[in-house]
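Q: Single-letter residue listing:
4 protein chains.
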Amino acid sequence: MSSSLGTLFRVSTFGESHGVGVGAVVDGCPAGLHLSEADIQGQLDRRRPGQSDLTTPREEADQVTILSGVENGLTLGTPIGLLVHNKDQRPGDYGEMDQVPRPSHADFTYQAKYGIRASSGGGRSSARETIGRVAAGAIAEKILREEWGVEIVAWVSSIGSEQSSDIDPETVSRAQVDATLSRCPDQPSAERMEALVREVLDAKDSVGGIVSCVCRNIPAGWGEPVFDKLDAKLAQAMLSLPATKGFEIGSGFAGTQLRGSQHNDPFVQKGERLGTVTNNAGGVLGGISSGEPILFRVAFKPVATIGQPQQTADFSGKPVTMEAKGRHDPCVVPRAVPIVESMAALVLLDLALRQKVRG
Amino acid sequence: MSSSLGTLFRVSTFGESHGVGVGAVVDGCPAGLHLSEADIQGQLDRRRPGQSDLTTPREEADQVTILSGVENGLTLGTPIGLLVHNKDQRPGDYGEMDQVPRPSHADFTYQAKYGIRASSGGGRSSARETIGRVAAGAIAEKILREEWGVEIVAWVSSIGSEQSSDIDPETVSRAQVDATLSRCPDQPSAERMEALVREVLDAKDSVGGIVSCVCRNIPAGWGEPVFDKLDAKLAQAMLSLPATKGFEIGSGFAGTQLRGSQHNDPFVQKGERLGTVTNNAGGVLGGISSGEPILFRVAFKPVATIGQPQQTADFSGKPVTMEAKGRHDPCVVPRAVPIVESMAALVLLDLALRQKVRG
Amino acid sequence: MSSSLGTLFRVSTFGESHGVGVGAVVDGCPAGLHLSEADIQGQLDRRRPGQSDLTTPREEADQVTILSGVENGLTLGTPIGLLVHNKDQRPGDYGEMDQVPRPSHADFTYQAKYGIRASSGGGRSSARETIGRVAAGAIAEKILREEWGVEIVAWVSSIGSEQSSDIDPETVSRAQVDATLSRCPDQPSAERMEALVREVLDAKDSVGGIVSCVCRNIPAGWGEPVFDKLDAKLAQAMLSLPATKGFEIGSGFAGTQLRGSQHNDPFVQKGERLGTVTNNAGGVLGGISSGEPILFRVAFKPVATIGQPQQTADFSGKPVTMEAKGRHDPCVVPRAVPIVESMAALVLLDLALRQKVRG
Amino acid sequence: MSSSLGTLFRVSTFGESHGVGVGAVVDGCPAGLHLSEADIQGQLDRRRPGQSDLTTPREEADQVTILSGVENGLTLGTPIGLLVHNKDQRPGDYGEMDQVPRPSHADFTYQAKYGIRASSGGGRSSARETIGRVAAGAIAEKILREEWGVEIVAWVSSIGSEQSSDIDPETVSRAQVDATLSRCPDQPSAERMEALVREVLDAKDSVGGIVSCVCRNIPAGWGEPVFDKLDAKLAQAMLSLPATKGFEIGSGFAGTQLRGSQHNDPFVQKGERLGTVTNNAGGVLGGISSGEPILFRVAFKPVATIGQPQQTADFSGKPVTMEAKGRHDPCVVPRAVPIVESMAALVLLDLALRQKVRG
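Residue numbers (the numbering used here), protein chains in the order written: chain A, 1 to 359; chain B, 1001 to 1359; chain C, 2001 to 2359; chain D, 3001 to 3359.
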């Protein structure tokens, strides 16, 4: 188990779907920051299920409580405990699932690793685990915004084969993103995506997608070569999310087809700073931020739990037909948007503080 | 700076292009392992420049010396110091480069971060930095092979738009990979790739590519949720390499277009173990190895240093035309093959030891 | 801030005297362990104030809740969240203390470090912070006991100049320790100590003391040279406790006066294992456990907060006479006994798991 | 194995008595510092054996080479590799010692831990391991001195029962310390100590002692509660040294006998800063530096290897009489002086950088 991330702004998360609750401890938050539950609740609300007919109808209020580290509305520099109670604290009764590992789910590997697993829907592999990350990320984002003017905006750039038309990373805003249920800031594409999700839902199936993210106003100099490069830590953070299968920054996989003469970003003076004409680098050179916007994309596979019957095998290897009960998200990517933003904030603030040592 | 990686098998690298040498300290290597320089030299030889007309003709012997941690051919369980001397220890004289940051290179960001940078070709952002990783990775790989029978094989699956036909990850071997200069185990594709590299070389340009990698015989249970998931640590390791822009595991970005009913990997008994019929997961479920082969791909951008003149700006923002001196690799991906394997080995062994605690 | 300890069994604590509560997250607890709040409550009860007329009469129930990581009475291998609610969650109103840093207390240094400090009695420097440690330590101790038969017993060996007569570390038990209010297992010494504490209490003063601790049945081989040696980690753990000023193991400071010929512990066969005739080493050689009992002592200074008026200065440097309100512990060492045991357990289990990798 | 120390200024040491050499990698050294081998050699010379008739006559030049991280006399911000070659690289031939673990030495525990041990005199448990620490500490000390004016001075305050008269920690200097062979800055005491060492040497015996250390000009605010408190990290660092058995800060063990009214250090304005009238705290309150001098003491046991015959047992438990060959240091404390200073510097700089984040 390694549920801690970060060197100077360090987050330790805890909690399963069942049990008393989920949350995080944030160690290393600067002192003297104005902070209340309201600063955190916004991103939790964007993350929670039941926001539209596109997601699971499970209603969870997911109200956060600050346990420590804040007095009279100001952070003390001491660890901030964060807790969200679970609505249903009883151990799960998943019946068939006890005997049959769900295909493409972590039931099998948790059992192999720990010799035991949560009876409930996924334990720590459940999306509910991300609550602690989002709560901590909201604090990180507040500091980044107040101290450096950082803006982090993620959006859905594809669902299945439905792709968004080009989004301008220099201007895209959370208001634009939240204007559509699918969180794609391009309305016509959003409508096609939503139609696709409803179709998939009717078919008791699921579908994957891609979340794009831009981080603006990052000064040059963040990132710690060679193993904690900015892009390396972003990649770790994103691949640590449930259901992710890929990460690319800047030109990514497509850029491998270009020549150096096409791909190189020439330097040019931009106001006070030296910038680049193009941004194939995605804002990172040699693992260190360049001052250009950081641009990356995260691939999410289709949700593993589907209502259709599946031919598979139980833990003993006996062939069985499995049919998942209940209703599940047919597509996680709209809800993944604030989660991706939160992970980006956690990575960026930690590297910002590590660079601040050199100030 | 963060030049250490790993929790129980911990590697700390050091060294620039100039100075006395480059190397690594490996802390946590199990005691009683047979080890000599010969176990390490093989992968260093596959990594070094000058192996064919496709790479830079710089000849560097890159002979490794074991400084400590081994006595009478056996590891002591104490830190293993590894050193490769630099041939040329004089500080570089790069003339124009002192004033002009090379486009898409780390000159600018190192200067922004540290307020100073190596006069030499790249300092820690140079490919030479990977020598310490490869030396340490060779030790990790030996342990993985001897204790678990792990096989790690990487190959070039594309250069520019030239793609390999399908390679069978269950059987591909290093001998097949090394049979072509481009390290693509499919001969006709390899020839097209090599022709492309020569064309690019003649044009004083460069080109990117993709390295694929398979890790076989990994038992189920490796990977530490939630932040040190196996795929998350692989992603960090690969994005920490120079010139990488993307990482995907299993179905990756393409898999986002599938439905859950297409993408899910049904379970099936395979001899002694429960396996899966397909392997869209790429051998990892919930961040933990499933027992199926681990399959991932790494995107490398075209080399930034090219011989063609480039319009750019100097550090003061003044427009200049830059023309790189000397000869540089037009394409790094063939040499990246052993580097990718080494990083995979470092990640896998560390997680293997962390799982061993539970044994 | 660094409120995390341990590499494989990792504890992150949080919480101040005021606020919602105090607690810890334990990451890396082995799966499949029987665990309930009852396993933890015992040591918390031994730690809490109000146990006798020797300590502060503040009554705090300090009931622990397990937030996560346990289902159906078994640990899941996932992080265990632990929470003890504070009785009084209002920010403190300490009046004079806002302007005047208490002598020999952390008011001044917290203000210097963070630019802010908890209005309440000490914030993270308060003894209340140790609740998370004791809760986590109780879990560690259970594992040590069940897997290796480890016994950890601490006792009060001196209060002020009142010293205990010799206690046999091979046999001393917690029942013997708890048989006296002062937690000194030697009844006549205990009575003198208790008389001294009452005298000090009447004088509105305080007094220091020494806690001794033995850890039995530790197999040879625990401890990670060179920086995480067993004695080095114990020293860090003990000096991280409030009010501690010294640590010694085995012969300690007195042993510096001996000759090697007097101090050396000759080897001798003891049943199945090679042991030593004497144990001046205190059970640790070269930073690694030898199989002999681990013996160490921890020095606690007199409590800083006293009822007597004190001549000191306020934050601006102006001379003032300070008189602490309320009633405070005149002597912390009896309550420190379970805290010392808990820290020992946290250190030992982490090193046990790190050694298990080599098994 | 854990041969790394520090969070932001991180040192990883390597090397045994035999093998190619010993050294360290320093990761996180600030960029732009003037640094050459000469800055490091001074403390290595103070540490090396053969400086007087009081120590072992083994002559080892112990010349350090900087392998990386420095160009044109300036640090690059990249890892600094440091190497000292061993004079004798052959595996040792210790004859009898192969069969018989030396009493109070780490032969037995290394064998128990690793299942193997260096044939040579102690491997990583040898005093030679401290070379990497001293080399790295010299760099840390230079930064502390240049950026904050920090002065670190250690001295021998007792050998056996010979104690120094009071030394003024506000003024004691390295020149005074080095003026006597025993490194006790009080000449009459030094002479008694030296006579004792010669007497012990003649008796083929050894003797322990205490090293005191003062760190001046440390600003208030260094130290990271709760586990990386300044005194906790100093304690870990000192107990990680070979042959140490105790650590105390400020009033230490003696202070446990005082009343709070005697022990408390009242505040008083001192020039620009708020200081304390007395310094029983030893410069640390709540684990954070107060601005007063940091004062601590380290207990060293008598050297285990003595020339006298000893009754002990071999690895199989058979009683034997052991007689150590060769000549060994009868007393390590004079040579321990620069080692203690180096460890203090490593701890202080790391905490200084961690506090700088808040600047």
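Watch out, some of these pointers could steer you wrong.
[To be verified] Cut-off 20 Å, straight-line C-alpha distance, at most; resulting in silico cross-link-like pairs (EDC-like, lysine to aspartate or glutamate):
(1) A:Lys356 to D:Glu3147
(2) B:Lys1270 to B:Asp1098
(3) A:Lys318 to B:Glu1272
(4) B:Lys1204 to B:Glu1037
(5) A:Lys270 to B:Asp1168
(6) D:Lys3270 to C:Asp2202
(7) B:Lys1356 to C:Asp2314
(8) C:Lys2270 to D:Glu3147
(9) B:Lys1318 to A:Glu272
(10) B:Lys1270 to B:Glu1191
(11) B:Lys1325 to B:Asp1314
(12) B:Lys1142 to B:Glu1037
Bear in mind the hints are in silico, worked out from the structure with no lab data behind them.
Q: Going through the numbered hints above, which ones does this structure break? Give me the numbers in ascending order.
A: Hints 2, 4, 5, 6, 7, 8 and 10 contradicted; others consistent.
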